[in-house]
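Participant: One-letter residues, chain by chain:
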Amino acid sequence: MRAIVDQASCQGHNRCVEICPEVFVIDDLGFATAISSDVPPHLVPLVVKAAENCPERAISTTDPLAEATGNRGAHDDHES
Amino acid sequence: VSQSSSEGDVEATARALDHHGAGLDDAMNDYRLLLDRCPIGHSDQYGGFTFVTKHADVERISQDWGTFSAAQGVHVPPLYNRRPMKPIETDPPLALRYRELLLPHLSRQAVAAHEPDIRASVRGLLDMFQGDPIDVSTDFARPIPLITFANVMGLPAAHFDRYDDWVDRIFYQRTHSPEDGIAAADELTAYFEQVVHGDVGGLRETPLFHAIRSGAVEGRPLSEDEQVDICFLLFLGGIETTAWAMRSQLWYLAQHPDLVAWLRQDPSRIPNAIEEMLRYFPPVPGLARTVTAPMTMRDHDFTPGEKVVLMYGAANHDEDVFDLPDTMDLKRERIRHFAFGVGVHRCLGSNLARLEMRTALEEFLSRYPRFTLDRQASWHGVEPLWLQLDPAAEATA
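Chains Y and Z, in that order, give the protein sequences. The numbering of the first sequence is the numbering used here, which starts it at 5 and goes up by one. The numbering of the second sequence is the numbering used here, which starts it at 151 and goes up by one.
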């Protein structure tokens, strides 16, 4: 799984950095980006939590299975 | 409650909806009824306004600044500032240029530098508690953001009494006494005119103050008026709101000793608990936009010029987004609340406020394992909150 922050939507709430600083980093203005590599398995729940807590819904995740089968697409977060 | 209420009850609740003062006493029941039965409606208060309660609608309107402008004021009733506060009462692209000047000093990383000062202030206030009960609103929740604001802006502590007076008149007295609000807003403007002009003794050029004084937008330096309008916003946005949040958190915890024990057991639970309490008791229950182009939402036709109040407090209790929204659950995992707004005008100081709230609660809980309400008090506002405190021998050692 990879995490993606939509730069057009991020408003710098910094909730993701608070919840999972290993995956999300902020720039000088406080806007977030995600590391480009795969999210380590033990951090996946935190990335999901970060996505679910982003007020702007700026965080999406890719599904590794979908990527492997060529059916790549950014999923919306895991809201019930 | 919602199902059994008559159409007349729903309409009466809508028409009386008031996001200030005593109007908030029964806010949670009003929100429930309106979310279920009248998600977009009309209140007769303050000359009339349209309210929006659903989380998805508040989000959509906040992010659609092209249709819903902030440039004609974000307060109902107005704050009586003579010029728009900046950046919040401007629209993109200019709003973004102002924000870019301020954001580098208010990100989570940037504000972390203030933690030692904030912690020292918090401990100093706790050390000054005398007697029992204690009014933790006046002696704790209100001074922390005031001291922090002055430190971050480089303003002298000598003016603290005036700050409290301006906050009270602009936020609270104005809703029933507009002329007092107008006078206070003018005094505050005059104060910051002196500040940006350097006519006030004891100023320090902090990074944030420097950014305002020497800032440029669109290739030109900020005018003194623009500098004043930014200071005015940071003052009003940064002090009363944070005090309200801290006071409401202590109000709630004073009635839930089990949760106090649970937080003390592992203080790393505090940040999530704060998010949930912000969701439940947002210190800014609603802010306004003005419609600039026709648009229809849930059968409501927005028309240009219409004043729309985004009811963050209601959106934070929307059951389409939050499971058991009227249950306070400090372990809640999904807390996509709008206590700091959403969209391009999200609260500039949210990360500083979070740092203040966390530090305050960590220190308070570490010193007082038990505290209870000494007398009834409302959940909202910054009125006195009298608590009986029971310091632990091991915590004060």
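No wet-lab data here; the hints were simulated from the structure. A couple of the hints might just be wrong.
[Stated by the list, open to error] Here are the computed lysine-lysine pairs in the BS3-like style, where the Cα-Cα straight-line distance is at most 27 Å:
hint	chain 1	residue 1	chain 2	residue 2
1	Z	Lys481	Z	Lys204
2	Z	Lys204	Z	Lys457
3	Y	Lys53	Z	Lys457
4	Y	Lys53	Z	Lys481
Keep in mind that this is a model prediction, so the values were computed, not measured.
Participant: Holds or violated: are the alpha carbons of Z/Lys204 and Z/Lys457 at most 27 Å from each other?
Facilitator: Within the cut-off at roughly 17 Å; holds.
Participant: Take a quick look at whether Z/Lys481 and Z/Lys204 sit within 27 Å of each other, Cα to Cα.
Facilitator: 23 Å, holds
Participant: Against the 27 Å threshold, does the CA-CA distance of Y/Lys53 and Z/Lys481 hold or violate the hint?
Facilitator: 12 Å, holds
Participant: Can the restraint linking Y/Lys53 and Z/Lys457 be considered satisfied, given a maximum Cα separation of 27 Å?
Facilitator: Since the Cα atoms of Y/Lys53 and Z/Lys457 sit roughly 35 Å apart, the hinted pair is violated (cutoff 27 Å).
In summary, the one numbered hint that this structure violates is 3.
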